[in-house]
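S.K.: Protein chains in written order, with our numbering: chain A, 1 to 94; chain B, 101 to 194; chain C, 201 to 294; chain D, 301 to 394; chain E, 401 to 494; chain F, 501 to 594; chain G, 601 to 694.
To be clear, the hints were calculated from the coordinates, so they are not data collected in a lab. From the three backbone atoms N, C-alpha and C, an ideal C-beta is built for every residue, glycine too. Among the clues, some could well be false.
What the hints assert, rightly or not - Taking CB as the label site, the calculated pair distances span:
hint, chain 1, residue 1, chain 2, residue 2, range
1, D, V354, E, K473, 25 to 31 Å
2, D, N350, G, M601, 34 to 40 Å
3, D, A344, G, N650, 21 to 27 Å
4, G, K687, D, Y369, 53 to 59 Å
5, E, Y476, A, K59, 26 to 32 Å
6, A, G45, C, G261, 24 to 30 Å
7, F, N550, B, E112, 42 to 48 Å
Below, each chain spelled out in residue letters.
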Amino acid sequence: MLKPLGDRVIVETQEDKEETVGGIVLANNAKEKPQTGKVVAVGAGRVLDNGQKVAPSVKQGDSVMFDKYSGTKVEYDGADYLVLHEKDILAIVE
Amino acid sequence: MLKPLGDRVIVETQEDKEETVGGIVLANNAKEKPQTGKVVAVGAGRVLDNGQKVAPSVKQGDSVMFDKYSGTKVEYDGADYLVLHEKDILAIVE
Amino acid sequence: MLKPLGDRVIVETQEDKEETVGGIVLANNAKEKPQTGKVVAVGAGRVLDNGQKVAPSVKQGDSVMFDKYSGTKVEYDGADYLVLHEKDILAIVE
Amino acid sequence: MLKPLGDRVIVETQEDKEETVGGIVLANNAKEKPQTGKVVAVGAGRVLDNGQKVAPSVKQGDSVMFDKYSGTKVEYDGADYLVLHEKDILAIVE
Amino acid sequence: MLKPLGDRVIVETQEDKEETVGGIVLANNAKEKPQTGKVVAVGAGRVLDNGQKVAPSVKQGDSVMFDKYSGTKVEYDGADYLVLHEKDILAIVE
Amino acid sequence: MLKPLGDRVIVETQEDKEETVGGIVLANNAKEKPQTGKVVAVGAGRVLDNGQKVAPSVKQGDSVMFDKYSGTKVEYDGADYLVLHEKDILAIVE
Amino acid sequence: MLKPLGDRVIVETQEDKEETVGGIVLANNAKEKPQTGKVVAVGAGRVLDNGQKVAPSVKQGDSVMFDKYSGTKVEYDGADYLVLHEKDILAIVE
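Same shape as in the complex, but just chain A:
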């Protein structure tokens, strides 16, 4: 199991293929749409300057929307995940 640190959130996501010709990425349209995914784990939250911990405002199971180029891709147990900072999440899709 992956346990994200601080204000991080781990998301399971189906990434669109990017077509490449000779290694050059061919974006299919100039203005990329954000991507959605399902939250699989959330960190304990970030610590404020007064020592108070702020719990994340998303929870496991939430569908979330985020910028396509946010976060760090990680592989775990054969599956691909994205580790995002909570501030990179635009909205919860309900």
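Given chain A's structure and the hints, the job is docking chains B, C, D, E, F and G onto it.
M.R.: Then chains B, C, D, E, F and G, alone, in the frame of chain A:
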């Protein structure tokens, strides 16, 4: 339904077409005017360093004015929206 | 009516024409003088890290001086305005 | 009268002429000396994160020394002034 | 023994070889996967602006995942370690 | 007399000559040594976010060591001084 | 004696020679190892925003490890030292 996170605000907007020739954007005038839209959802607000949550100063239904290039475009249920940080909103149009 | 957000101030201003030749801006002198305008609306003020709101130090009707290139131009009801952050205002002209 | 905002200070100054050849500034020596001027007005001071206002440490009539390229030049009632942030003032000349 | 300072964490890691041709690094694939390692030492934590010390959220023995290019490589007693800031750790692998 | 503002310190210093050929500075060695000088005046100190004033940790008469390129050169009463921020002082030479 | 200011630490260090050909530094390997040294003096510590002073977490006599390119080299009494900020120290070598 889209539920924006933190100090984010979701706005419904009619975007002006940009003319392009061969993929080059042709701005119709050098000094772009800001754009207006209607607020459809607001986040819970941002958290201050002392742990206090600051409620957004716009509400659902408000007409707002913002810089044309602010925010992130999202598509939801066939419609286009713009996700803005509250600080990107210039003024409420009353 | 335009209601500026946060520490923003809306100013009515007579902008000097900029001469252009073939779209190139011809500044009439190298060191531009700041511009003056009349405050038509002020926001509720900025929120400090301790949650306290700081009221703007300019009020409706004040003549103010600001850098020529500060702020965002907005059009409302056929007139042109400038939306400034209070910190962009240099001085009140009394 | 000009009333500077926040931590700003207005200074009356005799600026040295810069020689130019074809619009190119010819600095008379590579390491420019700071400039002095007389304070004609001071703002109410800056507001700290705890809401406390810090009064400026210069007062009207003080002779002050500042970097030649600090501040914004303003013209008022036919005279030239310089609007500086207090932090741009190096020293009071007593 | 190495005792990391502040919010630093020392990690023991098996680094993948990078193939080079004439000194040029040949990345084996464009999107590098993060790396994992075992925590061997943790600092006392970072000090908040209110003087409070925040203990690290990882402990000795934890398996952690981090960006391949985070941290500083150090050699100690013939072995290679990585000194990371706690904020560079993406997740604990349980 | 020069009275430095805030966290500034005024230092009297003997600057090494820099050889120049055609206006190009010829550094006599690639890694410049820091310079020393004698403190002639100190400001009242910087103001913290809680309103508290922090007195400088150097005093008049101290010999101090600082980076050769720190600070602003000022001329006063025929002598050359350097106005430094206290944080630019590396060490007191006792 | 050198008395470092604030959060500074003075370290005595044996620097590896860098081979140069015609003044070009030839790094002996692409990924430089950090350097170690012995702490000879520590400052009083840094001042937090609440006025509290944080004592350094290294003491005179400690062996410390730091990035090869951190700090400022100073010469004192014929010997070479390095003035580091405490945050540039990676670990204490025990």
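S.K.: Take a look at whether the Cβ-Cβ distance between Y476 (chain E) and K59 (chain A) falls inside 26 to 32 Å.
M.R.: violated, 41 Å
S.K.: Look at the Cβ atoms of N550 (chain F) and E112 (chain B) and judge whether their distance stays inside 42 to 48 Å.
M.R.: holds, 44 Å
S.K.: Could you check the hint for me, namely that N350 (chain D) and M601 (chain G) are 34 to 40 Å apart, CB to CB?
M.R.: holds, 39 Å
S.K.: So does K687 (chain G) sit 53 to 59 Å from Y369 (chain D), Cβ to Cβ?
M.R.: Between K687 (chain G) and Y369 (chain D), where Cβ atoms are some 32 Å apart, the hint is violated.
S.K.: Okay, A344 (chain D) versus N650 (chain G) on CB: inside 21 to 27 Å?
M.R.: For A344 (chain D) and N650 (chain G) the Cβ distance comes to about 25 Å; the hint holds.
S.K.: Does 24 to 30 Å hold as the CB distance between G45 (chain A) and G261 (chain C), or does it fail?
M.R.: Between G45 (chain A) and G261 (chain C), where Cβ atoms are some 46 Å apart, the hint is violated.
S.K.: Is the distance from the Cβ of V354 (chain D) to the Cβ of K473 (chain E) consistent with 25 to 31 Å?
M.R.: violated, 45 Å
Taken one by one, the earlier hints fail for this structure at numbers 1, 4, 5, 6, listed in ascending order.
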